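Quick mapping for you: the protein sequence lines, in order, are chains A and B.
Residue 1 is where the first sequence starts when you use our numbering, and the numbers rise one by one after that.
Residue 238 is where the second sequence starts when you use our numbering, and the numbers rise one by one after that.
In short, the hints are calculated from the structure, not lab data.
Among the hints, erroneous ones may be present.
Residues of chain B placed beyond 12 Å of chain A at every Cβ, according to the derived structure [unchecked claim]: (1) G399; (2) L434; (3) G501; (4) D577; (5) A646; (6) G674; (7) P679; (8) R687; (9) S746; (10) D804; (11) A808; (12) E900; (13) V937; (14) P944.
Just the calculated beta-carbon pair ranges, DEER-fashion [said to hold, decoys possible]: (15) B/A581 with A/L58: 33 to 39 Å; (16) B/G841 with A/S108: 50 to 56 Å; (17) A/R114 with B/R539: 51 to 57 Å.
Since we're looking at a predicted model, the values are computed, not measured.
The C-beta atom is built at its ideal place from N, Cα and C for all residues, glycine as well.
Read off the chains here:
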Amino acid sequence: MRVAILQFPGSNCDDDTMHVVTRVLGEDGRLVWHREAQLPTGTDAVIVPGGFSYGDYLRSGAIAAHAAIMDAVRVFAGAGGPVLGICNGFQILCEAGLLPGALTRNASLRFECRQVHVRVEGRPTPFTAAIPAGRVLRMPIAHGDGRYINDDATGLGARGQVVFRYCDPAGGVRDEANPNGSQLGIAGVSNEAGNVVALMPHPERASEALLGEDGGRQIFESLRLSLTPGRGKGRAA
Amino acid sequence: MSAAREPEVTREVGRTQGMTDAEYDQMLGILGRTPTFTELGLFMSMWSEHCSYKSSRIFLKDLPTTGACVVHGPGENAGVVDIGDGQVAVFKMESHNHPSFVEPYQGAATGVGGILRDVFTMGARPIASLNALRFGQPSHPRTPYLVSGVVSGIGGYGNSIGVPTVGGDIAFDECYDGNILVNAFTLGIAEHTGIFLGRAAGVGNGLLYFGSKTGRDGIHGASLLASAEFDASSEEKRPTVQVGDPFTEKLLLEACLELMKVPGLLVGIQDMGAAGLTSSAVEMAARAGNGVELDLDLVPRREPGMSAYEIMLSESQERMLAVVEAGREGEALALLEKWDLDAAFIGKVTNTERVVIKADGKVVADVPAAPLAEGLKYDRPRKRPAYLDEVNAVEPLSFAQPAPGDLGATLLKILSSPNVASKEWVYRQYDHMVRVGTVVGPGSDAAIVRVLRPDGSAKGLGLVVDCNSRFCYLDPYEGTRLAVAECARNLAVSGARALALTDCLNFASPERPETMWQFVESLRGLSDACRSLGVPVVSGNVSFYNETEGRGIHPTPMIGMVGTIADPAGAVTQHFKGEGDVVALLGLQTAELGGSEYLKVMHGKVAGRAPRLDIDLEKRVTETCLVLADKGLLRSAHDLSDGGLAVAAAECAMSGDEPVGAELTLPAGDLPPVAALFGEAPSRVLISFSPANRAAVEQVAADAGAPMAILGVTGGRRLVLGPDVDLPVAVLSDAWRTGFRKVVE
């Protein structure tokens, strides 16, 4: 599969995502500069990686949402192409209107970098197709602005658009397991169609056993599965 | 901006800028005339303690700086060592103490920014940072503010630029009440053939300025803020602290590395750090034996009306000066445009060996480069401090010792001391995982990071910073040896073999003979330890004048050490891994309570004699750890340091995701219980291994000649330590995990 990984000034997980797509998965990753007007020919999926685009000096992701390449991403997403946002990528996709809600300052008012657990749920998406609902993944977070808010958080869940929730190791969604004060423990959401997904935790940092965790790799494996012709339309049992 | 508007220079003006009469006369001798005001600024900044190392240079030359791995030793922007596979590691540590005390967030942030630039200016991509912090006593009213500010400053910069902060060292002592320490370390990786040096070579080549615009911030940062002691007016020096912009630094980093990839485009490059444009231009010219000519009208400026003096001495951050091959100026500018960075050619390399500066079409400075860069050399008076006899005479065991029934409570008290307590509150605020290379992050003995070989396979580097300044206060020679040995041991217990080190030597005023005595003793210890262990010094930094109103800090020669581990998957961490493993102590138990955490926590004293380091024993213990790790025989390994055996055992039990208790006896011997539990004898390591491997482990220790005592077995939810300590791990953990937060919240 050909994965376009966007690069904004200040992106800093672009190389990491590229590493996982190319070295860990052995797939075709392409770094795409923010000033480009088009995605590479034959792009199968887009990843908006983490970092501090434009320094995040205004609101996190606010300026990147207006970059030239984002018009191409809107077209790609509108045609049903899979788009994944990670951390700053989540913030950018919300600012760009491709995902509902917003990410605000952590309840602790501090940057938080540590391992968390998330429960996979919601409707099937290209990024969770190979993951049974209810499975708990352990992945790191590293953000200062990760508190998800949405006026219709409950409705979002009812429509199956909540894809990841912070939980304890056993899968219980509890306040103690919520690292940033996100509403209803929401760690990741999708758009209504389900092809645009984003989360605050970093699956690319949890894709190799050497780094202590490889549960995040299932998100990339799901993408690979869902792009395989005739596969991946529903969720794995 | 003409010379005519500059103040007239007199001896008195020189004095107000921190220049002694003798230095002023020397300057007149070099110039053969009275300097312009801009020229005075060049001299006083280049000749400042911070830039010229004038009090330390004659001693630094005795350090061991060579070795098979050394590619570039001290004298460049950072040290460069060979790590095989055509790759080099580039690393250095630097202080940003005074700025961080005056303005903790920006001071610490720009400290991180400065050390990052030192590394990537050499062509290396930074892959990991560490920091070593020293604060005043936790109860000091300013301490919580300084801790919070410094930690968020370090995080704010490092997190944004995307270089993981993988480890560090934090301690508190009242000697830092008026002068905290913020030492930042960064390591980068480059190809052996891709190293860039700060040399203005090639007469006629262009001088390219790029990065942020020049503003009025940080003027006199190096000369006044870093090269003089503090007093009540230090708050007024806030405007001399620079302001950092990690976003611009990220662009600068990527742009530099791209420029460097273009064959033959860059001839030399240096960042504008302390003394800004002055030091980069002067040092690059002097290193190449050339001159430079600068036209300040071409320098990108943040505001109009800046004088030549201000432009030359500004310490605005995120700026670089590069020498570009003549005729290829357009290529360089086009690439910098992609990264939205200000860039301008501001001068040329000349053959005059002089630094000539023009502004408004007039020459405002014309000085020889070499004597400016060469600086001064002082052999200042030295005197053994009188306090030593008094503190060394104290017998730690003469103080009341806890009753056997109180030893558990003593352990809890030491575990909750902010020096010993978990630093999770701090490192959670640092992104320690970005760049997907952190195999072992903060909280274990040393960090282990993955480095990809050119073929894509993984190898590892171990990184650690350490210094017990109490030991250095009691005996700067022994204390410095102990710091070097502890770093090497921290690496060894993690499975990495020490390769080379950088230092950050923090001392009080060199104008005080007692400080100079401490400094020279410390360097002697550093040299001896490095020679014994075969670990060269490849870069370093001296920070003097760490004192406020006459009260100096303890000598704090911070050591940052780098080691190698062939297979990072074989890295060893400190916490017990499960039930039923055998626990053993490598090394010897001796009564070493001088300068211990026990003595400080229980009796409020920093006294006694520093522990004695037996370097031969040290080598036998670390070699044992390295062989055990290499053979995959270890489940855990943890160096014994602050708080001794009891604290180390508790950390092994509680620092993993799941608590694992143990039932341990104390090694045989006739030590008083406090010495056996809390003594800080060096060269000791607590290891655990599968019972099936016991014979193999004993054989390795015997082959290396390392003493080893079996203490017991892991398991359960309690830690039993000899006859008198028996506590639930959860209770230990609570004391340890909340001890630090109490300081800051």
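Hints violated by the structure (listed by number, smallest first): Hints 1, 4, 6, 7, 8, 10, 11, 15, 16 and 17 not satisfied by this model.
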